[in-house]
Structure formats: structure tokens, C-alpha cells
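Chemist: Following the hints, position chain B against chain A.
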Amino acid sequence: MIKVVIIDDEPLARGLVREYLSSYPEVEICAECGDGFDGLKAIAQYKPFLIFLDIQMPKINGFEMLELVENPPAIIFTTAFDEYAMKAFEFHALDYLLKPFSKERFDKAMKKWINLHKQGRTQLLSPALHETIKQPEERTRIVVREGGNIRIVPVNEIHYMEAYDDYVKIFTGKEMLLKKKTMNFYEQTLDANQFVRVHRSYMIQLNQLTKLEPAEKDMYEAVLKSGARIPLSKSGYAKLKAALGI
Amino acid sequence: MLFQSLKYSLIALVCLIFLWAPVQSWLLVQEFKLAWKSAILDAGVTSIFLGLGTFLLFNTLNYYRIEKKQLPISVVGIAALAYGLMIGAESTIESITKNSIEYMSGFQLQRILFAILITLVTLLIAWYSTTKKNATEEDQRRLVTEKMARDAELASLRQQLQPHFLFNSLNSISALIGTQPEKARNMIQQLSDFLRGTIKKDDSQLVPLFEEMQQLRLYLEIEKVRFGHRLSTNIDSDNASLSAKLPPLLMQPVVENAIKFGLYDTVGETEIVIKSRLDNGQLIIEVENPFDASTTMPRQGTGFGLSSLQRRLYLLYARTDLLTTTQKEKTFTTHIRIPQV
Chain A
0 MIKVVIIDDE PLARGLVREY LSSYPEVEIC AECGDGFDGL KAIAQYKPFL
50 IFLDIQMPKI NGFEMLELVE NPPAIIFTTA FDEYAMKAFE FHALDYLLKP
100 FSKERFDKAM KKWINLHKQG RTQLLSPALH ETIKQPEERT RIVVREGGNI
150 RIVPVNEIHY MEAYDDYVKI FTGKEMLLKK KTMNFYEQTL DANQFVRVHR
200 SYMIQLNQLT KLEPAEKDMY EAVLKSGARI PLSKSGYAKL KAALGI
Chain B
0 MLFQSLKYSL IALVCLIFLW APVQSWLLVQ EFKLAWKSAI LDAGVTSIFL
50 GLGTFLLFNT LNYYRIEKKQ LPISVVGIAA LAYGLMIGAE STIESITKNS
100 IEYMSGFQLQ RILFAILITL VTLLIAWYST TKKNATEEDQ RRLVTEKMAR
150 DAELASLRQQ LQPHFLFNSL NSISALIGTQ PEKARNMIQQ LSDFLRGTIK
200 KDDSQLVPLF EEMQQLRLYL EIEKVRFGHR LSTNIDSDNA SLSAKLPPLL
250 MQPVVENAIK FGLYDTVGET EIVIKSRLDN GQLIIEVENP FDASTTMPRQ
300 GTGFGLSSLQ RRLYLLYART DLLTTTQKEK TFTTHIRIPQ V
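Heads up: the sequence lines are chains A and B, in that order. For the record, in the first sequence the residue sitting at position 74 is 73 according to numbering that gives the first Met the number 0, with numbers rising by one throughout. For the record, in the second sequence the residue sitting at position 96 is 95 according to numbering that gives the first Met the number 0, with numbers rising by one throughout.
Worth flagging that the hints you see were computed from the coordinates, not collected in a lab. Think of the CB as a built atom: it goes at the ideal place given N, C-alpha and C, for glycine as much as any other residue. Keep in mind that a hint or two might mislead.
If the Cβ cut is set under 7 angstroms, some of the chain A residues that face chain B in the computed set are [to be verified]:
(1) L11
(2) A30
(3) D34
(4) P57
(5) P99
Extracted from the complex, chain A is given alone in its bound form (with noise of 0.2 angstroms):
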């Protein structure tokens, strides 16, 4: 059987994806989730093949609820927006099907996915890829995995961040919260405007920075308002005098 996982707010639209897939014997549908939360839950339980993502969902997106899975299965989008979509996506995700979308236009992802499966192989897009995708708007939150729980949290309460192995730690002031991805996947996606790469390792929210204090021999550190006191590289304070004007 194909485990199928079937992602979408709104009901006629899962109900919609029910009927197409009813074609397909093979097919077995796990799970109609309503947000990504339960999508989440959904795909942890039962380990799908293939999962119909809608992008616009209630408090996480789509694409943030694809950061929380660890290996994600084959991802077929399904949604109205086709900003993002038509520009990154056709070429990295499985297959984007525009709402509404025909029968015909299904069994065509369908078929993508089949090949695809037979080569014994789930994903089109190589984890490298993967991390530069879009985001479909300017990056202003984050969602972390803590625990059992889902956090989202907004990029204004972050004061700075380090790197941890495949981790990047990410200091709010009140806590350290740990996300896997790397520091190259922040620089790329948050606003170079509020956040600067000071050093291979650390990466501050400019609005959070007090003051630049000599450090050793002729390096320097950044003095944040919370005390923390970040190192600073040799084309980290460059960057920084250059992102202050100085």
C-alpha cells in the first residue's frame, strides 16, 4: 500500500484530493489533516510515502511545517498561490498543482511520483537544494521544535545566534532554543538588514548590538544589550561597520 497524507485547511479541498485518489487501489489514505500541526503528528505516526501540502494553513505554513520533518516523504503542493511556487518550487518539490487543478493534471504528479517510487526513491530534491528554497514571504518567524511542543518564534525576539554542529542555536534573551539547520541557511533568509554573519559561528540582530569592544591582540567583540559578548571575525566586523555606516 501507498501511505498517503493529505495536508489542507479547508475540508472540500482534502475531499477533493480524497476523490482524485480513489482511482488508485494502491493507494491508502492515513490521514486528512487541517494544519500542520496535526500534519505534523500525522506524519510522524504513520510514516507516509506521499504527502498533499497546502502552502496557506493556520499558524504554520506549509513550508514551516516541512522544516519540523526530520526525512520528508515526497511532497505533491497543492494550493492557489502560485508566487513561489512557479518561480522555486516546480523544480524542487515532487509536483505543484495550482487549485483548482483536473483530474488530468493530477495523474500526472501521480505518475511523477510512481517513476520516482519505483526507482526506489522518495524525493526530487537533494538536501542542498532543499535549503535554498524560498520562503514564500520575508522570513519574520521561526518555528522550533522543543520537546513535544511547537514554538514560533518571531525573528525580532532573536538576539543572536550560534552554531552547534548540525544545529544552530538561537538566543531569545529568555531562553536557548535549538533548530536543525545551519548558519548559511539564516544568512540566506533573514533580512540582511536586521541580522549580520559576525563570525563563521555567531550571527547578531543588529538592533540588539550596544556597543564594539577590542577584544585580543586587534580583534574585536560586539556587546549586546543582554551583556552577551560575541566574538567578532576579521570580515565580521567589516561587515558589521559596513551594515552600521561606520
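Modeler: Below, chain B without anything else, positioned relative to chain A:
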């Protein structure tokens, strides 16, 4: 235009004959000891020549716009014209009186100088009036262009119907066709009625609130089909407010914004509350939606849907205080005030 210049030239001619001609006659009698009859003849012919000259000049200048840098050459040309006119006048007078008159050469200088003076004044008046006319025409053109730009902007602000709404609705219809064709047909009807209501609207024509509410109900019914039990609405209008007038399609973007806000910022059910009342001759509309302050995406200003409405209200009423928003605990409220004239 020809009529106008004709009128001015005639006035100039009459002025010349009635005001200057007596002075010239008197001068000729006093200074050159002419007989009154000859003096009046001379002054009359001079005035007629000058009058025709100014008439021609006026007409010409109406069709050719003189640039500032062409003024000196025009002055020279006009002096030549005046000279020619006066020579013409002299020979005409001589041919009428049938003999050469000795005073002619003595009076020639004054005659020509006077003619130059008159034609130059004509030139200046014509130049000034055409320049001014062009300026007012330009003003009017600018006003018309500005109004067209404003109308176009208003139209585009009005028509900011989210295409996503349309595509998602069509997707819902597509889903209904398979399982509940009657409902699909019903939704197509609602969608068509709604779309018909959004076109052919003119901002200058205010609509009563009950008409706007009908349109809004269509929109809400469609959204309810899409979102199922997650979306409910509560409309509370007092009777007096229902006949109050407002620009068409004003409320839909507000409600659209509220639904989006409510449905995407919370996971549970969303109730949209719409209230309207009449207060101190103003129509007050309030739209409430639930929201979660802790996870709401940081929003700049009032959000896109509302900022275009803000702009529209500004273009219509020249006020920026008609649209406000408040956040209280778990409720986000949009307030609109529409002055009633």
C-alpha cells in the same frame, strides 16, 4: 477665438478713432494750421489703417505662439509693419485730397512713432493673453490628468479582490461537483452574484449599507462553504444604519482581512463579528476577529488589505482618521467611520 480677436480689434479700432483721432485732429489744426476738415480726414484714415493693422496682428498672434526669445525680432517686424501702415495711410490721404500736402513730412515722424507705440502695445497684449491662455489650458489638462489618475487608482484599489479567493472557491466547487452537485450549482450561483456585484461600481455613487451587506453576505456564504464549521459570522446592524450610505465594496476587504487574520492565526473556530450603527451623523462599522497575540506574525501598520482601504478613504474623503484598528486580549477590531452628508 476669431470672434474674440475680432471683438478686441474692433474695440481697439473704435478707441483709436474716438479717443486718438480727435487728439490727432486737434494737433494738426494747432501745430500745422490745417483746416478742421482735412485734419479730421487725416486722423480718421490714420486710425482706420492702424485699426486694421492691429486686427491683423491680433489674429496672427492668436495662431502663432511667440516664444520669449522671438520677442526682439517680432518688435522689429512690428515696427516695420507700423511704418508701412503709416506710409500707406499718407498716400491714401494724398490720393483723397488729390494734392501733395506740405505738413506731411513734418508730421511723419510723430505719426510713425505713434503707430509703432500702438502696434507694440497690441503685440504685448496679444503675447500676454496667449501665454496666459496656454497656461490655463495646461492647468486644465493637468487637472483632468490628475483626476483620471485618481479614478484609476480608486478603481484598482476597489478591485483588489484576492485572486486566491476566486481560485480556492473554484477548487471547492470542483470538489462539490463530485459529491454534492446541487451544492456546487448553488455555490456557482453565489460566486457569480458576488462577482457581478464587484464590477461596474463607481466610487462617486454611494450605496446604502443594506446593499453592501447583501454583497457581503454572498462573500461570507462562499467563505463558509470553503472553511466549513471553522468559520461563523455574527452580523449586528441597527436599522438606522442600514440606510446610511458608503462607498461601494468598502467592507469586503476588511472582512476578508478579518477572516484571513482569524483563520490563519488561530487553529480553532473563528467567529467574525460585524457591527454597524449610526452615531452623530456618522456610519460606524466594526469588524472583529479573534487573534493570538503571542504567535501573530509581526505586522507592519495595518496590513496590506487595510492600507489600500486607508488610501481609498483618503482619496475619497481627504482624511486619514477614518480607519483605525484596536487589539484587545484575543480580539482584533477594525473600526471604520463614514461621514454622512
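Chemist: Indicate, hint by hint, whether the structure satisfies it.
Modeler: Now the hints, each set against the structure:
1. L11: With a minimum Cβ separation of about 4 angstroms from chain B (threshold 7 angstroms), the hint on L11 of chain A holds.
2. A30: Violated: closest Cβ of chain B sits about 16 angstroms from A30 of chain A, beyond 7 angstroms.
3. D34: Where the cut-off is 7 angstroms and the nearest Cβ of chain B is about 6 angstroms from D34 of chain A, the hint holds.
4. P57: holds, 5 angstroms
5. P99: holds, 4 angstroms
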